[in-house]
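Colleague: Here are the chains, one letter per residue:
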Amino acid sequence: MSETKKHTRRDFVRMGARASIGFALAGVAGFSLVDLNKEKYVWQIDPFKCTQCGRCADHCVLKPSAVKCVHAFALCGYCDLCGGYLKPEAKERTTAAENQLCPTAAIQRKYIEDPYFEYVIDEALCIGCAKCVKGCGSFGNGSLHLQIRHDLCDDCNECAIARVCPSDAIVRVSIDEPYMIKGNFSKDGNA
Amino acid sequence: MEMRKEKEISNIQYSVLNDEEKSSAGSNPLTHSMLNVHYLSFIIFFFLFLISITSFSQQQRFPKPEFDTGYEQPNTTTPEPRALALEFIDVFILMSVMALAAWFVFKSRSRRGILFLSIFSLAYFGFYREGCICSIGSIQNIALSFFDPAYSVSLPTLAFFILPLLVTLFFGRLFCGSACPLGVIQDLVIIKPIEIPRWLQKSLGLFPYIYLGIAVLYAATGTDFIICRFDPFVGIFRMSAEFHIIVLGIAFLLIGLFVARPYCRFVCPYSVLLNWVSRFSWKHLSITPSKCIQCKLCTNSCPFDAIDFPTDEKLKLNSKSNQRDFALYALLVPVWMIVFGFAVSRAHSFLAQANSTVYLAELLIEQPELISESDNLDIETFRSSGKTLDQLVEEARVIQHEFYTGSWILGIFLGLVIGVLLMNQFRFRKRKDYEANKADCLSCGRCMDYCPVPK
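Chains as they are written, first to last, in the numbering used here: chain G, 1 to 191; chain P, 192 to 646.
FYI, nobody ran anything at the bench for these hints, they're computed from the structure. Hints may be right or wrong, so weigh each one.
Subject to a maximum C-alpha distance of 20 Å in a straight line, what follows is the list of computed EDC-like cross-link-like pairs (lysine to aspartate or glutamate) [stated by the list, open to error]:
#1 K110(G) to D499(P)
#2 K63(G) to D259(P)
#3 K38(G) to E257(P)
#4 K255(P) to D11(G)
#5 K49(G) to E586(P)
#6 K131(G) to E557(P)
#7 K134(G) to D566(P)
#8 K629(P) to D46(G)
#9 K255(P) to D80(G)
#10 K131(G) to E571(P)
#11 K578(P) to D11(G)
#12 K38(G) to D281(P)
#13 K134(G) to D569(P)
#14 K131(G) to D11(G)
#15 K38(G) to E321(P)
#16 K134(G) to D114(G)
#17 K49(G) to E433(P)
#18 K255(P) to E113(G)
#19 K110(G) to E586(P)
#20 K621(P) to D499(P)
#21 K255(P) to E118(G)
#22 K621(P) to D11(G)
#23 K578(P) to D46(G)
#24 K474(P) to D46(G)
#25 K134(G) to E586(P)
#26 K131(G) to D259(P)
#27 K110(G) to E257(P)
#28 K63(G) to E433(P)
#29 K487(P) to D640(P)
#30 K623(P) to D11(G)
#31 K49(G) to D499(P)
Not everything, but these chain P residues come out facing chain G in the computed CB check (under 10 Å) [what the hints assert, rightly or not]:
#32 F337
#33 W473
#34 K482
#35 Q485
The beta carbon of each residue, even a glycine, is placed where N, CA and C say it ideally should be.
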């Protein structure tokens, strides 16, 4: 008799524990549901916070980095002497390979009409080092800037670059607006 | 300095730049008729005017040329991220895997089925989804969303956190055995598992509690997601990672040849939650399909030492003193909690050093000369941000205070864990049969194959 009584008590305790764990889980779920993020966050670089430190090239879990330089063409001055393309003191330099700022020659320069040139980033070569971004920002219009490319990005739970970014430029943005392209440029194309 | 201000203004404006450009075209003639308009509209126009000037000066250092050759400006491409709908498919697959696992464990009792299911999980959640998002890491998302009002979790993340726990509450740790890619990759390399002494198991088993506590503390303070950062297998899933993570992953797999599933048993912070929920699970894997015949065939089948043997009858004689010790240690639990709470709270400033703001503030307080000299990137960025040292120190102080509170809670939690562990040394439960330990059993189903009792 005492044996069965003992068992029922143990079962009762077990039931109670089970119920309270269930309630705890429901509580956590409920609390999270209250301000649920309906969409989802992805990582992106705010180009106006970015200080071109160069860590994007080294700290991404992907090698080469999922951060690439993008070109906001609407802001570009199409300069001949491009601060993003040529090393400093652009005036004294020719466009020979040794004078190019980009360490991987990912910026392609194309003649349009006198005296304008178009600059296009070859993303397969770009490593996201931000050297050209710095050059363009200090000399030109700042049309070159870094962005996380979402076709490459692994969407880590915690972005490895965000952790080391000195200017907190890597932020969570809604999946609806996954890019922060500079200038008069909206998500669906040239405005 | 001037440049930075401009940037700041355009920062606010860059999304609505188009509208201002339009308005700026008409703002010049409007300034002439300013005298006639109301005060309010004057202010509005004045601001529009100011904004248009700043945005123009930003854009027009080298104005965009007008092309004669009909050159068309290319668009900046924006490849889309993975669609949200696919994340829900992940949740659906997770749920299906666990449902199938329940079928294999309870109905067909098939180790082979669980094996193939787990290989699928490894391929899908591990190598295809590259280990992100996983239930283990989602602990941090939940913790951060509780403490950071600006952050909220998405539904798939919440599902990845809650569903395995919920399933465990009903059926035991099916998630560990069949769905978790980190577990499966270790499960597949088990060659010659050695039995680990009970005391060593128990002491190493304390580490997940510490890891969980610190991970939650760091996530809640917005410092770091250490579980993701030190995930040993994510590098293998992605075939690319920092060198030390790859080394860590290979080391775990090598140890895993002899110590079965070392990460699951002695590191995994999610296992703490699963372990405790599983103790109270409604149903659980049973070694035998009907009645244990004490044949002892299953005793060596479990590589995780998760089979409880029948209790020794002689031990029962001591049960009186056992009960006394149990009560004594139960009374000691609050003492442990206070002692550990105090001890860990002493270490709060050490723990807080992992936070980049706190680290920078402490560095600059110690060596103020670095502010103007150092070529350290963080200091350089701080210098050009225009923030004063006082502001930085104030920010750091707030974070440090959070760490103080957090480390008290962490200490109390660890004290409770250790107190209960010590207390449970003296718990005596009579057992007649060979049974799976509900807390430690990972529902891999190996033991089921060893039982000769027909279904």
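Colleague: Now, for every hint given, state plainly whether the structure supports it.
Modeller: Hints, verified against the model:
1. K110(G) to D499(P): Violated - the C-alpha atoms of D499(P) and K110(G) are around 74 Å apart, more than 20 Å.
2. K63(G) to D259(P): Distance ~42 Å between K63(G) and D259(P) Cα, so the pair is violated.
3. K38(G) to E257(P): violated, 44 Å
4. K255(P) to D11(G): It is violated: about 78 Å lies between the C-alpha atoms, which goes past 20 Å.
5. K49(G) to E586(P): Judged against 20 Å, a Cα distance of about 19 Å means the pair holds.
6. K131(G) to E557(P): violated, 32 Å
7. K134(G) to D566(P): Distance of about 17 Å is within 20 Å: holds.
8. K629(P) to D46(G): violated, 49 Å
9. K255(P) to D80(G): Between K255(P) and D80(G) the Cα gap is close to 13 Å, so the pair holds against 20 Å.
10. K131(G) to E571(P): holds, 17 Å
11. K578(P) to D11(G): violated, 61 Å
12. K38(G) to D281(P): holds, 17 Å
13. K134(G) to D569(P): The hint holds at about 17 Å.
14. K131(G) to D11(G): violated, 68 Å
15. K38(G) to E321(P): violated, 24 Å
16. K134(G) to D114(G): violated, 26 Å
17. K49(G) to E433(P): Answer violated: K49(G) to E433(P) is near 26 Å, above 20 Å.
18. K255(P) to E113(G): holds, 13 Å
19. K110(G) to E586(P): violated, 48 Å
20. K621(P) to D499(P): Satisfied, since the Cα-Cα distance of roughly 11 Å is no more than 20 Å.
21. K255(P) to E118(G): With Cα atoms ~11 Å apart, K255(P) and E118(G) stay inside 20 Å; holds.
22. K621(P) to D11(G): holds, 15 Å
23. K578(P) to D46(G): Holds: K578(P) and D46(G) sit about 19 Å apart, inside 20 Å.
24. K474(P) to D46(G): Distance of about 50 Å is beyond 20 Å: violated.
25. K134(G) to E586(P): Outside the cut-off at roughly 29 Å; violated.
26. K131(G) to D259(P): Status violated; Cα separation ~32 Å.
27. K110(G) to E257(P): holds, 17 Å
28. K63(G) to E433(P): Distance of about 9 Å is within 20 Å: holds.
29. K487(P) to D640(P): holds, 13 Å
30. K623(P) to D11(G): holds, 18 Å
31. K49(G) to D499(P): Cα-Cα ~58 Å, so violated.
32. F337: holds, 7 Å
33. W473: Since the shortest Cβ distance to chain G is 7 Å, the answer is holds.
34. K482: Nearest chain G Cβ about 18 Å off; hint violated.
35. Q485: violated, 20 Å
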